[in-house]
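K.L.:
Respectively, the protein sequence lines represent chains A and B.
By the numbering used here, the letter at position 227 of the first sequence is numbered 227, and the numbering carries on one by one without gaps.
By the numbering used here, the letter at position 5 of the second sequence is numbered 5, and the numbering carries on one by one without gaps.
This list has only true hints and no planted wrong ones.
Calculated lysine-lysine pairs in the BS3-like style (CA-CA distance at most 25 Å, straight line):
no., chain 1, residue 1, chain 2, residue 2
1, B, LYS104, B, LYS144
2, B, LYS328, A, LYS110
3, B, LYS328, A, LYS112
4, B, LYS282, B, LYS196
5, B, LYS282, B, LYS252
6, B, LYS49, B, LYS184
7, A, LYS138, A, LYS128
8, B, LYS49, B, LYS61
9, A, LYS138, B, LYS342
10, B, LYS328, A, LYS153
11, B, LYS342, B, LYS299
Just so you know, the hints here were simulated from the structure itself, not pulled from any lab data.
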Amino acid sequence: MSLLEIKNLHASINGKEILKGVDLTINKGEVHAIMGPNGNGKSTLASIIAGRDTFDVTQGEIIYEGKNLFDLSVEQRAAEGIFLGFQYPVEIPGVSIANFMKTAINEQRKYKGLDPMPSMEFMKLMEKQKKIVDLDTKLASRSVNEGFSGGEKKKNEIFQMAMLHPTLSILDETDSGLDIDALRVVASGVNALRSPEVSTILITHYQRLLDYIVPDFVHVLFEGKIVRTGPRELALELEEKGYEWLR
Amino acid sequence: MDNFKKAIRPKEEDFADFSCHLTQLKTFRIHQYNGFFFERNDNDVLLDKNIIICSIKSAMKNHKSIYNSAKNLQPLSSDDDGLFIYIPRNTILDTPLQILNVIKTFEPLKIEAKTLIIVGENSHLKLIYCDDTVNDNLSKTESKISVVLEKDSSLEYYKMENINNLSSIFTDSNFVLDTNCELKTFWLSINGGDIKNKLSVALDGQYARADLNGLYMVDRDQVVDNQVSVSHNQPNCHSNQLYKGILDDSAKAQFKGHIYVSQNAPYTEAIQNNRNILLTDKAVVNTQPFLEIYNDDVKCAHGATIGQLDQSAMFYMRSRGISERSAKMLLMFAFCTEILSKASIEELVDTLQDIIKRRLHGELSSCENCVLLCSTPCGTSDVDFI
Ligand SMILES: Nc1ncnc2c1ncn2[C@@H]1O[C@H](COP(=O)(O)OP(=O)(O)OP(=O)(O)O)[C@@H](O)[C@H]1O
Ligand SMILES: [Mg+2]
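Between the sequences and the hints, there should be enough to build the whole structure, so can you do that?
P.N.:
Structure (C-alpha cells):
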C-alpha cells in the first residue's frame with residue numbers, strides 16, 4: 001500500500017515557481033533517495049511535506065495514509081508520523097533537548113489520545129536512543145542545537161528521529177558535514193529503525209551514503225521536476241556524469 | 001485632575017489577611033504597608049549580628065553617625081516613616097532579607113515608600129523587594145530606594161513589581177558602589193498599569209562591578225518604562241545591562257540605557273543589551289541607548305533588538321509535534337528566564353520561573369493576591385517546562 005503519494009505538485013515562493021509538477025509515490029518499507037543539483041527544489045519539497053507555509057502550493061496534491069496532507073497542521077503531520085531531518089537544524093537557546101523531546105513526545109501522545117509518557121520511561125528512552133547515534137550525554141542536557149558542531153547537529157536530528165519513531169522520515173542532507181565514522185553511525189541509526197512499516201526519503205548529494213543505506217529507488221529532482229528514476233546504480237552514474245546529460 | 005489622597009499610616013489589622021506565599025524560601029520579612037514601615041522585633045538572628053532595621057526617623061535619632069554617613073545620598077525629612085537597614089561590616093547573611101510593600105487601598109491613594117540601606121565593608125547581602133497590590137483599587141506609588149555599598153561588599157537585589165492594572169508605580173533607585181563592590185540586580189516588572197523604574201548606579205570605587213538584569217512582561221494597555229543609568233567614575237569597573245521584554249496587545253515599553261564613563265575611568269568595560277519580543281502589531285517599544293564616554297581606554301558595547309518569535313524555531317518545534325501554542329510558550333519562557341541565569345538563590349529562581357510561566361499563561365493579571373502565590377505549581381499548565 002502506498003504511504004505517500006505526491007501528484008503534480010507545483011509550488012512557488014514570492015511568485016517564483018520552484019516545483020513544477022512533482023510526482024512521487026512511496027510505499028511502506030521503502031527507501032527512496034532524491035538527488036539533484038543545488039537549488040533545484042529538494043529542500044522545498046521536503047519542507048512542503050512537513051508543512052512549512054512559506055511556499056505557495058499552486059497545484060497538485062499530497063496524499064499520506066489516505067489523508068489529504070494539506071488538511072493537517074505541521075504538528076498534526078508530525079503526530080501522524082512524518083519526520084523531517086533538517087538540512088539546517090535550528091538552534092533554540094534556553095530550551096533543553098530533554099524538555100524539547102518530552103514536550104514533543106507528550107503532545108504527539110495527546111494527539112493520539114494517550115497519557116503522557118511516565119518520566120522514568122522517558123529517561124530510559126533518552127538513554128537508549130542517545131546510544132544509537134553515539135550522542136554525547138553532555139549534549140543532551142544542553143539547549144537544542146545551540147553551539148553544536150555541524151556533525152553534532154546532524155546526529156541530533158537522527159536522535160530525535162529515534163525518539164519519535166516516525167512512519168515517514170525525510171532526511172535532508174543528513175550526511176553532509178559528517179566524517180566517515182559519524183556517517184556510519186548515522187547510517188546504522190537509520191538502518192536500525194528500518195522496518196516494513198516505515199519509509200525513508202534520503203536527500204543527498206553523495207552516493208557514498210547509499211553504500212550504507214541501500215535505497216530501493218533513486219530519483220533525480222532537476223529544475224523542479226523528477227526527471228529520472230532508477231535503481232541504486234543510477235546514483236553511481238550521476239556521480240560519474242553529473243546532471244547535464246539529463247536535461 | 002489628580003484626586004489621589006496622600007496615604008496616611010494605615011492600621012496594621014487591615015493587612016492581617018495578607019500572607020506572602022513565598023513558601024519554599026526562608027527569608028527575613030520586613031513589612032511596609034502602603035509604604036509605611038511597621039516594626040516587628042522578632043528576629044534574634046538579625047539582632048545577634050547587630051543588623052539595624054528601623055524607621056528612618058528612629059535612625060536619625062538613635063544611629064546618628066551611621067545614618068549621616070549616607071546622608072548625601074538622599075534628602076529625607078525627619079517626619080519620614082521610611083525604612084532604614086544597616087548591615088555592619090564583615091556580615092554574611094545567608095538568608096535573604098525580604099521587604100514586602102503591600103498596597104491596599106479603599107479610595108485612590110498616593111503612596112510613598114522610602115528606604116535607605118547601608119551594606120558595611122566586606123558584608124554580603126541578598127535582598128528581595130516586592131511591591132504588591134492586594135486588591136483592585138486605584139493607587140499611585142512612589143518608591144525611593146537608596147543603597148550604599150561600602151568597600152568589598154556585595155548585594156544581590158531582586159525587585160518584583162506586581163500591581164493591579166489600574167495602579168501605577170514609580171521607583172527611583174540609587175546604588176553607590178565603593179571599591180571592589182559587586183551589585184547584581186534582577187528587576188521583574190510582571191504586571192502593572194503603569195510602571196516606571198529609574199535605576200542609577202554609581203561606580204565610585206575601583207574594580208566595582210554591576211550586573212543589571214531586567215524583565216518586563218506587559219499586555220493590554222500597560223506601560224512600562226525603564227531608565228537605567230550607570231556611571232563609571234573610577235578605573236577598572238565593569239557594568240552589564242541586560243533588559244528583556246515581552247509585549248502583548250497594545251502594551252508599550254520604553255528602555256533608556258545610559259552609560260557614562262568619566263575621564264578618570266580608564267579600563268572600563270560596559271555592556272548594554274535590550275531585547276524585545278512584540279506579540280502583536282499594536283505593541284510598541286522605544287529603546288534608546290545613550291553613551292557618554294570621556295575616555296579612550298574603554299570597552300563598550302550596546303545592542304537592541306525588537307522582533308517577533310523566531311519563525312524557523314517555531315517551525316522546527318512544530319515539525320516535532322509540538323503545538324503552536326506550546327512552541328510559543330517554550331520560546332517565550334526561554335527568552336525570559338535568560339535574565340535569571342546569574343541569580344544565585346535557587347529556590348527563588350524556581351519560584352520566579354513559576355511566576356513567569358503563570359504570567360505567560362495570562363493568569364497573573366487576574367491574580368488578586370500577592371504575586372508570590374504563584375510559587376505553588378502551575379496546575380493548569382498544558383506545557384510541561386523542565
Ligand atoms: N525563503 C526563500 N525565499 C526565496 N527563495 C527561496 C526560499 N527558499 C528557497 N528558495 C529558492 O528555491 C530554490 C530551491 O531551493 P531548495 O532549498 O529547495 O534547493 P535544494 O535542491 O534543496 O538545494 P541544495 O542542494 O543546495 O540544498 C532555490 O533557488 C532557492 O533560492
Ligand atoms: Mg536543500
